[in-house]
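Residue numbers (the numbering used here), protein chains in the order written: chain L, 171 to 421; chain S, 2 to 141; chain D, 8 to 86.
Keep in mind that the hints were calculated from the coordinates and are not lab data.
Beta carbons are placed, not taken as given, at the ideal position from N, Cα and C, and that holds for glycine.
Take the hints with a grain of salt, since some may be wrong.
[As the list claims (entries may be wrong)] Cross-link-like lysine-lysine pairs, in silico, PhoX-like; alpha carbons within 25 Å at most:
hint	chain 1	residue 1	chain 2	residue 2
1	S	Lys50	L	Lys226
2	L	Lys226	S	Lys29
3	L	Lys322	L	Lys256
4	S	Lys65	S	Lys50
5	S	Lys50	L	Lys232
6	L	Lys200	L	Lys256
7	L	Lys322	S	Lys50
[Said to hold, decoys possible] Computed far set for chain D versus chain L, every beta-carbon distance over 10 Å:
hint	residue
8	Arg46
9	Pro48
10	Glu51
11	Glu66
[To be verified] Stretch by stretch, here's where chain S covers chain L in the computed footprint (C-beta under 8 Å, at least three residues):
hint	segment
12	274-280
13	348-354
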Amino acid sequence: MLNFLDTLNIAPLASLEVGQHFYWHIGNLKVHGQVFLTTWFVAALLIIASLLATRKIQQVPKGAQNLMEYALEFVRDLARNQLGEKEYRPWVPFIGTLFLFIFVANWSGALIPWKLIKLPEGELAAPTNDINTTVALALLVSIAYFYAGFKKKGLGYFGKYVQPTPVLLPIAILEDFTKPLSLSFRLFGNILADELVVGVLVLLVPLFVPLPVMLLGLFTSAIQALVFATLAGAYIHEALEGHGDEHEEHA
Amino acid sequence: MFDFDATLPLMAVQFILLMVILNAIFFKPLTKVVEDRAELIRTSQTGAKAGLEKVNAITQQYEKELADSRRQYQAIIAKAQAEAQKIADDQIAAAQAEAIAQREQATKALDAEKATAMAALEQQVDALSQEILNKLLVGV
Amino acid sequence: MDVSSASVLAAALAIGLAAIGPGIGQGNASGSAVEGIARQPEAEGKIRGTLLLTLAFMESLTIYGLVIALVLLFANPFR
Chain L
171 MLNFLDTLNI APLASLEVGQ HFYWHIGNLK VHGQVFLTTW FVAALLIIAS LLATRKIQQV
231 PKGAQNLMEY ALEFVRDLAR NQLGEKEYRP WVPFIGTLFL FIFVANWSGA LIPWKLIKLP
291 EGELAAPTND INTTVALALL VSIAYFYAGF KKKGLGYFGK YVQPTPVLLP IAILEDFTKP
351 LSLSFRLFGN ILADELVVGV LVLLVPLFVP LPVMLLGLFT SAIQALVFAT LAGAYIHEAL
411 EGHGDEHEEH A
Chain S
2 MFDFDATLPL MAVQFILLMV ILNAIFFKPL TKVVEDRAEL IRTSQTGAKA GLEKVNAITQ
62 QYEKELADSR RQYQAIIAKA QAEAQKIADD QIAAAQAEAI AQREQATKAL DAEKATAMAA
122 LEQQVDALSQ EILNKLLVGV
Chain D
8 MDVSSASVLA AALAIGLAAI GPGIGQGNAS GSAVEGIARQ PEAEGKIRGT LLLTLAFMES
68 LTIYGLVIAL VLLFANPFR
């Protein structure tokens with residue numbers, strides 16, 4: 171049985187290579203090189219698109235500017251819907267970058283045949299396919315909503331933990347841990363599951379059959395980016411408002 | 002699979018860097034453009050609204066003038082009609098009066114002639130009867 | 008039963024059981040959404056957007072099960 175699992179780990183699902191990493195050593199730190207490579211790719215894509223869009227700004231947009239303005243309007247609406255008309259402006263860059271980064275990362279994982287580029291160890295995939303990335307983003311969301319709460323109310327922010335009754339204090343504290351946990355696991359699980367399903371299907375039937383699943387994967391990836399950004403906005407709004415009943419913990 | 006290492010903080014730092022860069026080259030300039038455009042649209046909209054109001058006012062004034070002049074010319078027509086009617090009435094009345102007068106005159110003249118004729122006739126009848134009487138008396 | 012076979016069984020159970028609840032939930036949500044669209048066809052866009060978001064939330068429950076299954080298969084701490 172153990173043998174079977176070992177072979178499962180390496181041989182038949184070799185093209186999936188779950189848990190294999192292309193390690194870089196910086197000093198005495200180990201980092202996952204493949205994540206950084208794809209992250210740089212995604213960041214470069216976003217920066218190039220932004221530069222193209224803002225190279226010569228016109229009153230009547232066309233081409234790249236039109237596309238990026240659409241993206242901007244989208245994230246602005248997203249932030250406004252979650253945070254309200256008054257508060258949303260300073261948070262647009264954070265929520266917008268979250269959405270754009272996750273969206274482009276997910277789609278790059280689904281659309282770009284990273285597997286054609288051979289690495290010595292591990293394989294290239296969406297940056298969000300690595301738990302480190304999603305946990306980093308989720309922790310940033312946590313820091314962001316704590317920052318928002320403290321900036322708005324100072325130490326009075328802790329009042330919300332005992333606001334309706336002090337009985338719920340443990341649950342309120344627990345919520346602060348479950349929020350980043352569910353955020354990061356949702357994104358990580360969805361993207362990893364998508365890539366695994368596609369990988370398994372490609373392994374079984376290499377032609378045409380995986381296509382619908384790939385399309386579903388594209389859809390899921392976009393929705394997950396939207397969900398992540400929406401929840402980030404909802405958590406920040408909750409911290410700004412101060413009573414946790416309005417936006418219940420989702421999932 | 003769940004091997005956390007230095008990737009995590011480095012990813013966080015990278016993300017914040019990306020956010021700062023995108024804020025500088027994407028969010029700020031494009032937000033400015035979008036809001037400027039919204040402002041422009043708002044101002045031109047208010048301008049268009051003002052123009053529309055002006056046009057409406059002018060239309061109303063024009064319609065008022067139109068109604069005034071219509072009333073005026075209707076009054077003129079009514080007056081002219083009344084005058085014409087009056088003149089016609091006057092003339093008809095005058096003609097009728099004249100006709101009546103003429104008829105009366107004619108009747109009077111006729112009566113007078115009849116009277117003279119009757120008188121002459123009576124005279125003649127008297128003379129004739131006298132003559133007849135004389136002749137008869139002579140024969141007797 | 009050694010740990011390996013128990014892990015494989017547990018992984019299968021994790022994903023299978025985790026699919027039950029969200030399946031029911033998604034069915035309920037979609038049914039209600041269809042009812043809502045039938046009642047108010049003009050609100051279809053809004054209903055669809057909300058539905059997709061909530062479906063994603065429910066879907067993530069199964070994904071948690073999948074994550075556990077993957078942990079058991081590939082990163083089992085007891086093996």
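key: Structure versus earlier hints - violations, ascending order   = 1, 5, 6, 7, 11, 12 and 13
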